[in-house]
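> Those protein sequences? They're chains A and B, same order as listed.
Taking numbering that gives the first Met the number 0, the leading residue of the first sequence gets 0, the next gets one more, and so forth.
Taking numbering that gives the first Met the number 0, the leading residue of the second sequence gets 0, the next gets one more, and so forth.
Accuracy of the hints is not assured; some may be wrong.
To be verified - Derived DSSO-like pairs (lysine-lysine); straight-line CA-CA distance at most 30 Å:
id, chain 1, residue 1, chain 2, residue 2
1, A, K17, A, K161
2, B, K217, B, K235
3, B, K154, A, K161
4, B, K143, A, K179
5, B, K217, B, K197
6, B, K143, A, K185
7, A, K161, A, K185
8, B, K197, B, K181
9, B, K297, A, K161
10, B, K154, B, K208
11, B, K225, A, K60
12, B, K197, A, K60
13, B, K354, B, K235
14, B, K297, B, K197
15, A, K17, B, K197
16, A, K185, B, K222
17, A, K179, A, K211
18, B, K235, B, K225
19, B, K208, B, K222
20, A, K161, B, K116
21, B, K225, B, K197
22, A, K60, B, K222
23, B, K143, B, K154
Treat the hints as calculated values from the structure; they're not laboratory data.
Each chain is listed here by its residues.
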Amino acid sequence: MVYNLGISRLDELIGGIKGGTNIMMIGPPMSGKDDITNSIAYHGLIDGNATVIVSTREPGKNVLDWFESRNLNILMEHIGIVDCVTRTLGFGAPETENIKMASSPVDLTGIGVKISQFFEHFWMEIQLRETRLCINSLSTILMYSNLQTVFRFLHVFTGRIKAANALGVYVIEDGMHDEKTIVTLKQLFDGMIEIREGEDGYQMRVVGLTPKPTQWFDYEIDGVNIILRG
Amino acid sequence: MIETGIPKLDGYLHGGIPEGNSLVYYAYPGVDGGVFGMQTISHAVSGGRCGAYIASSTDPRMIRDQFMEFGWDMGESVFADRFTVVDAFSGLIGADSQERYVVPEPDNINSLTQCIKQVIEEMPEPGIIVFESLSTVMDLCGEKETLDAVLEWNKYAMLYDHVMVYNFTAWPYSEETLLQVKGDACNSVVSVGGISEKVIFGWYFGLLKLDWAEMIRKWVLFKILKPGGVRIYIPKILVTGPFDAGKSTVVHALSNRAVSVDRLGTTIALDHGHIDHNGFAADVFGTPGQERFDPIVKLLSGEAMGVFLVLDSANATGFARGVRMLEITESFGLPVVVIANKQDLPEALAPEEIKTRLDIPESVPIVPAVASAREGVFEAFEMLVEMVMGVN
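In isolation and in its complexed conformation, chain A is listed as follows (with noise of 0.2 Å):
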């Protein structure tokens, strides 16, 4: 079981991504990382896989219209979405096939409920052996909840990627996080997309997924595709 980020110059040089790898997307902010985020979800979908967003920051809705509005060649069905934001906005919306809602970004038992009901229905419904799991961001959690907290939420939870030969995805704002949070939150990783500013606008590198870390590219977004130039 093999994964592609959907971004072709990396993905050549990673030579795939095996099942039940958690790789941590550490950027400054206003560098595209949703896109980018997104843009890994919907390359997952044109492979056939199943794609569970969790939204702290976004209502799931909006992330839903990002696949809509393109009018992508994606099956919607294969799309789960945990939105953690519009019940802390006090709006009473229904869950639809797509969205469930989790209570806030506080209420990690119920994000970890809802992320289990879409694996198992995209597993045992739909029978997709292949999911991505992309949490946007864990910045939004940490703001809510410790560090301590936070590490037990995503040790049961990097585990359940590896025991399902799933690729998780986890989002960080840097420059929001001492050290010490980015250190140890490390440690549940197994590899990392960084990204910082260039000169000509931002760049992107992947570290620990091949033998050494690959060159910093400078990128562009493109619709639903990530361009890396250089």
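Place chain B on chain A using the hints.
Just chain B, lined up with the frame of chain A:
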């Protein structure tokens, strides 16, 4: 005694939770244990008790909506005086609260304790206090501090004969903490777990501890329905019997939704239905009856937890074939209930007469039924469920 309203659980608790006692729903991560506490308090309040729900990870404005998703209308005016939401959430995000009881600092155990004690004191009669998430309290206030507070709250509630109920998710806390939650913290512990292989695909509950009566060690599968809440779940009940005995009619009579793969009214592959009755949910699978489909019958029967043998009470020539079908399904040792169908026909034999003509153990019950009128089928279902629960 305060009943939980969870099917079977009240039986295992010997009637419910006695006043002054405490219970923890000990759920494994990813398993929805929260609904157990919600169902418990909604059952108690709708039964006339007072209840307070400590919201620690949900905006209180959303709490009643969450209950409503399960069909429990806690916002109903008749409950207004009896149901209280204690807001231990808004303080975390700096939001205002409209609730009567507000914990100003939810991440401070003393602040929470002060509010809980006030609730305990002011509840007009012995009632129930349910914590939405003890694990969230623990995450915010610390493991030891929270466990010490639980012991204090339980003691204080005992003075007022209130029942304390905690939803707890067993994240990888320290071993000492988990042992204490399962051990000394409360009078009873209900484990709510998941069956997993790659993913969690089934749920079960059972007692881990009970200190007010003899503990019944049984595990039952459950499903969560919206609306409905916790339902005991039997994944597979087989409905078999000779041709034209009324198997498909039984499946459809029992089911909330059902489909049949048939041709010209005769089942040629299977019937499938989902039952939701009286706190129990089950998936039923009906077999074809004609001999040429016997290989399918054997395939369908795997992993069944109980069997209905449907007989046409007016056609005794089919009885031997019915018993033969039980053999084909290899259901020996499984709970079996015979449905003596078509009792409305003039030549129908009485269940006692059918029993004398069947070569089956004396203990197998025979239930008279008219499936086309949905008569007798639910009695048979309840009987089979009791037998399945007894075996498991």
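> Taking the hints in turn, state whether each one holds.
Going down the list of hints, with the structure as the test:
| no. | hint | verdict |
| --- | --- | --- |
| 1 | A/K17 / A/K161 | holds, 10 Å |
| 2 | B/K217 / B/K235 | holds, 19 Å |
| 3 | B/K154 / A/K161 | violated, 43 Å |
| 4 | B/K143 / A/K179 | holds, 24 Å |
| 5 | B/K217 / B/K197 | holds, 25 Å |
| 6 | B/K143 / A/K185 | holds, 27 Å |
| 7 | A/K161 / A/K185 | holds, 16 Å |
| 8 | B/K197 / B/K181 | holds, 26 Å |
| 9 | B/K297 / A/K161 | violated, 36 Å |
| 10 | B/K154 / B/K208 | holds, 18 Å |
| 11 | B/K225 / A/K60 | holds, 21 Å |
| 12 | B/K197 / A/K60 | holds, 29 Å |
| 13 | B/K354 / B/K235 | holds, 26 Å |
| 14 | B/K297 / B/K197 | holds, 28 Å |
| 15 | A/K17 / B/K197 | holds, 16 Å |
| 16 | A/K185 / B/K222 | violated, 36 Å |
| 17 | A/K179 / A/K211 | holds, 23 Å |
| 18 | B/K235 / B/K225 | holds, 21 Å |
| 19 | B/K208 / B/K222 | holds, 22 Å |
| 20 | A/K161 / B/K116 | violated, 44 Å |
| 21 | B/K225 / B/K197 | holds, 26 Å |
| 22 | A/K60 / B/K222 | holds, 27 Å |
| 23 | B/K143 / B/K154 | holds, 17 Å |
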